[in-house]
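Read top to bottom, the protein sequences are chains A and B. Anchor point for the first sequence: position 103 equals 103 in the numbering used here, and the numbering is continuous, going up by one each time. Here the numbering used here runs 358 ahead of the position in the second sequence, where the first position is 1.
Bear in mind the hints are in silico, worked out from the structure with no lab data behind them. Mixed in with the good hints, there may be bad ones.
With a cut-off of at most 20 Å between alpha-carbon atoms, the simulated DMTMM-like pairs for lysine to aspartate or glutamate come out as follows [what the hints assert, rightly or not]:
1) A:K46 <-> B:E502
2) A:K46 <-> B:E440
3) A:K317 <-> A:E290
4) A:K2 <-> A:E57
5) A:K150 <-> A:E72
6) A:K46 <-> B:E499
7) A:K46 <-> B:D427
8) A:K266 <-> A:E308
9) B:K429 <-> B:E440
10) A:K63 <-> A:D149
11) A:K63 <-> B:E520
12) A:K2 <-> A:D77
13) B:K412 <-> B:D427
14) A:K63 <-> A:E152
15) A:K2 <-> A:D85
16) A:K46 <-> B:E496
17) A:K317 <-> A:E16
18) A:K46 <-> B:E498
19) A:K285 <-> A:E343
20) A:K263 <-> A:D26
21) A:K284 <-> A:E343
Over the 12 Å line for every Cβ pair with chain B, so calculated as not near, a few chain A residues [claimed, not checked]:
22) S25
23) E79
24) S111
25) H115
26) I190
27) G244
28) K263
29) A276
30) S287
31) E339
Note that beta-carbon positions come from the ideal geometry of N, C-alpha and C, so glycine has one too.
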Amino acid sequence: MKRNTDFSELATRSGEWMRGTGPESDIVVSSRIRLARNLADFPFIKRCSDEDRVSIERTIRAKMEYLSDWEEVHYFDLEQLPEIDRQFLVERQLVSREIAEADGARGVAVSADEHFSVMVNEEDHLRIQVMHSGLDLPTAWRQINELDDKLEASILYAFHPDFGYLTSCPTNVGTGLRVSVMLHLPALVITRQIEKVFRSMQRINVTVRGLYGEGSQYSGDFYQVSNQITLGRSEVELVELVGGDVVPRIIEYERKAREYLVKEGKQDLHDDVSRALGILGTAKKISSEETMHYLSKVRLGVNLGLIEDLAVGTINKLFMQTQPAHLQKLHGRLLRSSERNVERATYLQRHLSDSFDN
Amino acid sequence: MKCQYCEKPATFHITEITESTGSQVMHLCEEHAKGFLQKEEANPVASIASALAKQLDLGQTKKDLEELDRKACPVCGISFFEFRNTGRLGCPFDYTHFAADLLPLMTNIHESIEHVGKRPRRSAAADSHALMIQLRREMEEAVEREDYERASELRDELRRMEQAGEGLGDS
Chain A
1 MKRNTDFSEL ATRSGEWMRG TGPESDIVVS SRIRLARNLA DFPFIKRCSD EDRVSIERTI
61 RAKMEYLSDW EEVHYFDLEQ LPEIDRQFLV ERQLVSREIA EADGARGVAV SADEHFSVMV
121 NEEDHLRIQV MHSGLDLPTA WRQINELDDK LEASILYAFH PDFGYLTSCP TNVGTGLRVS
181 VMLHLPALVI TRQIEKVFRS MQRINVTVRG LYGEGSQYSG DFYQVSNQIT LGRSEVELVE
241 LVGGDVVPRI IEYERKAREY LVKEGKQDLH DDVSRALGIL GTAKKISSEE TMHYLSKVRL
301 GVNLGLIEDL AVGTINKLFM QTQPAHLQKL HGRLLRSSER NVERATYLQR HLSDSFDN
Chain B
359 MKCQYCEKPA TFHITEITES TGSQVMHLCE EHAKGFLQKE EANPVASIAS ALAKQLDLGQ
419 TKKDLEELDR KACPVCGISF FEFRNTGRLG CPFDYTHFAA DLLPLMTNIH ESIEHVGKRP
479 RRSAAADSHA LMIQLRREME EAVEREDYER ASELRDELRR MEQAGEGLGD S
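Extracted from the complex, chain A is given alone in its bound form:
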């Protein structure tokens, strides 16, 4: 494992899970699984002294140093990182907002391809996560299970024979497993069916949350579906509930809504997505919410074949790199909000014209 503080290389590329490939990637952006684990002989984070946190972080880091095949894993000491860098890791979904904004000894190990990350001293001592592009939960489960085995070989977890893996919050106890699938559902939003679809999901133990821009004027039409319960069903059953049952149903609804839009109003839709692309490619200053809103339309246009010469992976990359911390990293200095809006517009113009030239 390498100690790392250099982000310049990370900033220029997007993580593997943003490639826009994998099953159902026209609708499913990413599949993520996380496991919550705690050491047996320390209090949970909330009752930890500063010294406890330091001991936990040191202990876990030391164990991870010796893991085989971890030579290319980077470790970031989050206590030492400046805020902009922590924000950058949040935007890449390698760390949670909570750990980025917390205090005290804490860190994250990240694999070179960004498929996995292990947070130390988040809400639980260990938060392990694996991410993939598209709908690929079985692979994510297999990998995270192996990762968990590997860590467990040298770390003694808090475990109860009846309640399973013990977590700081009883909503995570048992498997400690949360499956989250990020979906792009613009057609269900346009046809105003999204509420209805989600209401029907509520009774079957899944949670749906809007991502980005919720409650603001613009929405990026991204939704995250996760299992609500963690105790009483096995990991494989939970993975199957979300990935085999719920998500495929939502995908089907979204496909039908897209078909309907194409059939009933192709010209309107074509106009709408083309205008969105026009704004993104010519604006002189643009906020991140507005960018999200129009990129969502463009993404739909690309997936329906209404916009050619643009790859879904490129759009995913633009989603990430137009966020505040990425933009500032790429620009090489801190920027005020108004400066960011100008820089964002410049960035979009450059990249969208690049794509058309290719």
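Given the structure of chain A, go ahead and fit chain B onto it with the hints provided.
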């Protein structure tokens, strides 16, 4: 009166108010009442607060809850009141100490209260771990009251336990 979903007697009479249907009285048996009351919550504190509120509906009196609030874990020192307010427990031993109080809560949050998934290959001797957590707390308290002699004794004791393999890694 029978439960409106099965043959069991209806012991819960719940009034639900929704915008579309107005108020509606449901007559349910205990099992169906629990299922009905179990609604999704994204926020853990909110879900714990709502599960506890349901517990209150399901028979626990205010006095019972006040008494429960004062109960504290002998290992980490957290009170049930603190847990209820933050939604976070203090240490693994809380699941044993507050087991009876957490069970109805966990039943509300989850589908069942029996873990059926993965198990770690190595099991921990829970007592010695609880003791280590307790010693860490006592050590911190000794430092706070500037009793460095006691703190140093406790530190040695913890080191000894860690090296004896009661702690990380080797049990």
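Status of each hint after checking the structure:
no.: 1; hint: A:K46 <-> B:E502; verdict: 18 Å, holds
no.: 2; hint: A:K46 <-> B:E440; verdict: 10 Å, holds
no.: 3; hint: A:K317 <-> A:E290; verdict: 16 Å, holds
no.: 4; hint: A:K2 <-> A:E57; verdict: 15 Å, holds
no.: 5; hint: A:K150 <-> A:E72; verdict: 16 Å, holds
no.: 6; hint: A:K46 <-> B:E499; verdict: 16 Å, holds
no.: 7; hint: A:K46 <-> B:D427; verdict: 18 Å, holds
no.: 8; hint: A:K266 <-> A:E308; verdict: 15 Å, holds
no.: 9; hint: B:K429 <-> B:E440; verdict: 10 Å, holds
no.: 10; hint: A:K63 <-> A:D149; verdict: 13 Å, holds
no.: 11; hint: A:K63 <-> B:E520; verdict: 15 Å, holds
no.: 12; hint: A:K2 <-> A:D77; verdict: 11 Å, holds
no.: 13; hint: B:K412 <-> B:D427; verdict: 16 Å, holds
no.: 14; hint: A:K63 <-> A:E152; verdict: 10 Å, holds
no.: 15; hint: A:K2 <-> A:D85; verdict: 17 Å, holds
no.: 16; hint: A:K46 <-> B:E496; verdict: 16 Å, holds
no.: 17; hint: A:K317 <-> A:E16; verdict: 10 Å, holds
no.: 18; hint: A:K46 <-> B:E498; verdict: 15 Å, holds
no.: 19; hint: A:K285 <-> A:E343; verdict: 7 Å, holds
no.: 20; hint: A:K263 <-> A:D26; verdict: 18 Å, holds
no.: 21; hint: A:K284 <-> A:E343; verdict: 9 Å, holds
no.: 22; hint: S25; verdict: 26 Å, holds
no.: 23; hint: E79; verdict: 20 Å, holds
no.: 24; hint: S111; verdict: 22 Å, holds
no.: 25; hint: H115; verdict: 20 Å, holds
no.: 26; hint: I190; verdict: 23 Å, holds
no.: 27; hint: G244; verdict: 17 Å, holds
no.: 28; hint: K263; verdict: 30 Å, holds
no.: 29; hint: A276; verdict: 30 Å, holds
no.: 30; hint: S287; verdict: 26 Å, holds
no.: 31; hint: E339; verdict: 34 Å, holds
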